[in-house]
Amino acid sequence: MADKAESEHSDSSESSSSSSESAGGSSEGEEEVMEPVTILGHTLELPQELCEDYGVFKEFFSMKTWDSLSDEHKEHLKQFLPSFPENDDEEKEKTVKMLFNFEPFHFTSPLDDFFSNLRQGNYRPDIAKMRKFLMKARAKQQKHKIKAYYAKLLPEVLLSRERLLAAAKAAPPGPVPALQLLPPKPSSKSNYKPLYMRARQRYFEELSAIRSEVGGEESEDDNYPEGPPEQYIRK
Numbered sequence: 189m190a191d192k193a194e195s196e197h198s199d200s201s202e203s204s205s206s207s208s209e210s211a212g213g214s215s216e217g218e219e220e221v222m223e224p225v226t227i228l229g230h231t232l233e234l235p236q237e238l239c240e241d242y243g244v245f246k247e248f249f250s251m252k253t254w255d256s257l258s259d260e261h262k263e264h265l266k267q268f269l270p271s272f273p274e275n276d277d278e279e280k281e282k283t284v285k286m287l288f289n290f291e292p293f294h295f296t297s298p299l300d301d302f303f304s305n306l307r308q309g310n311y312r313p314d315i316a317k318m319r320k321f322l323m324k325a326r327a328k329q330q331k332h333k334i335k336a337y338y339a340k341l342l343p344e345v346l347l348s349r350e351r352l353l354a355a356a357k358a359a360p361p362g363p364v365p366a367l368q369l370l371p372p373k374p375s376s377k378s379n380y381k382p383l384y385m386r387a388r389q390r391y392f393e394e395l396s397a398i399r400s401e402v403g404g405e406e407s408e409d410d411n412y413p414e415g416p417p418e419q420y421i422r423k
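For the sequence shown, the working numbering assigns the number 189 to the initial residue and increments by one for each residue that follows.
Hints were generated in silico from the structure; no laboratory data involved.
Among the hints, a few may not be true.
The calculated EDC-like cross-link candidates involving lysine to aspartate or glutamate, where the alpha carbons are at most 20 Å apart (straight line), are [unchecked claim]:
1) Lys331 <-> Asp410
2) Lys262 <-> Glu247
3) Lys246 <-> Glu223
4) Lys381 <-> Glu414
5) Lys324 <-> Glu247
6) Lys317 <-> Glu233
Just so you know, these numbers come straight off a predicted model, no measurement behind them.
Please work from the sequences and hints to get the whole structure.
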C-alpha cells in the first residue's frame with residue numbers, strides 16, 4: 189500500500205510539473221511583440237497591436253486613459269498644448285477632450301494622422317532609412333531625365349539658331365521674316381513601349397538604385413523571374 193501511495197504521489201507531482209511547464213511555455217509563446225519606433229528624436233518600443241489595430245489604439249488614446257493619470261502628469265502634458273490668451277485652463281481642457289474624442293483639427297484628427305503613420309511604418313528606423321534611399325534614387329533619376337531632355341533639346345535649338353541666322357543673312361534690310369515651323373518628326377512604332385514593359389524597366393531601375401545604396405547581391409526576382417529588359421541589360 190505504501191509503495192502504491194508513493195507511486196501515485198510521484199505521478200501526480202510529475203503531471204503537475206508537466207502542466208506548469210506547458211503553462212509556462214504557452215505564456216512564453218504568447219509574448220507580446222514590440223515594434224521599435226523613433227518619434228521626435230526619441231527611440232522607444234511600442235506593442236505591435238497598438239501600431240496596427242485601430243481599436244486597440246483608440247482604446248489606449250482615450251479620455252479613460254487621460255483620467256487615470258495623476259494631476260502632476262496632466263499638468264506636465266498640458267505644457268505641450270498651445271497657450272490661449274483668455275480662459276487658458278478651460279480651453280486646454282476643451283482641447284484635450286477634442287483630441288481624445290478624435291475630433292478634427294484643421295480637417296483631420298491628429299491622433300488619426302499619428303495612427304496612420306504608425307501603421308504605415310513611418311516611424312520605424314529601417315523603413316525611414318529605406319524611404320530616404322528611395323527619395324535619393326528618385327532625385328537622381330529626375331536629374332538624369334532633365335539632362336536627357338536638355339541633351340535632346342540642344343540639337344533642335346542649334347538647328348533653329350542656324351536657320352534664323354541664315355534667314356537674317358539672306359533677307360533684305362528690315363525685319364527678319366517669320367520662319368516656317370519644321371515638320372514634326374515621324375513617330376516610329378518600334379520606339380513605342382507598352383505599359384507593362386515600361387513598368388518592368390522602371391521596377392529594375394528602382395531596384396538597381398536601392399542596391400547601389402544599401403548593397404546586396406542580385407538574385408532571381410519573384411515578380412519578374414525572366415529578368416530585366418534587354419535594353420536595360422545593355423546599359
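- Message: Between the alpha carbons of Lys381 and Glu414, is the straight-line distance 20 Å or under?
- Response: holds (18 Å)
- Task: With a cut-off of 20 Å on the C-alpha distance, tell me whether Lys262 and Glu247 pass.
- Result: holds (18 Å)
- Pairwise hint evaluation, Glu233 against Lys317, where the allowed Cα distance is 20 Å at most: Measuring from Cα to Cα gives roughly 18 Å; hence the hint holds.
- Item | Holds or violated: Lys246 to Glu223, with C-alpha atoms at most 20 Å apart | Holds, because 18 Å separates the two Cα atoms, which is no more than 20 Å.
- 20 Å Cα cutoff - pair Lys324, Glu247: violated (38 Å)
- Message: Against the 20 Å threshold, does the CA-CA distance of Lys331 and Asp410 hold or violate the hint?
- Response: Violated. Lys331 to Asp410 sits at ~30 Å, over the 20 Å cutoff.
In summary, the structure is inconsistent with hints 1 and 5 from the numbered list given earlier, while agreeing with the others.
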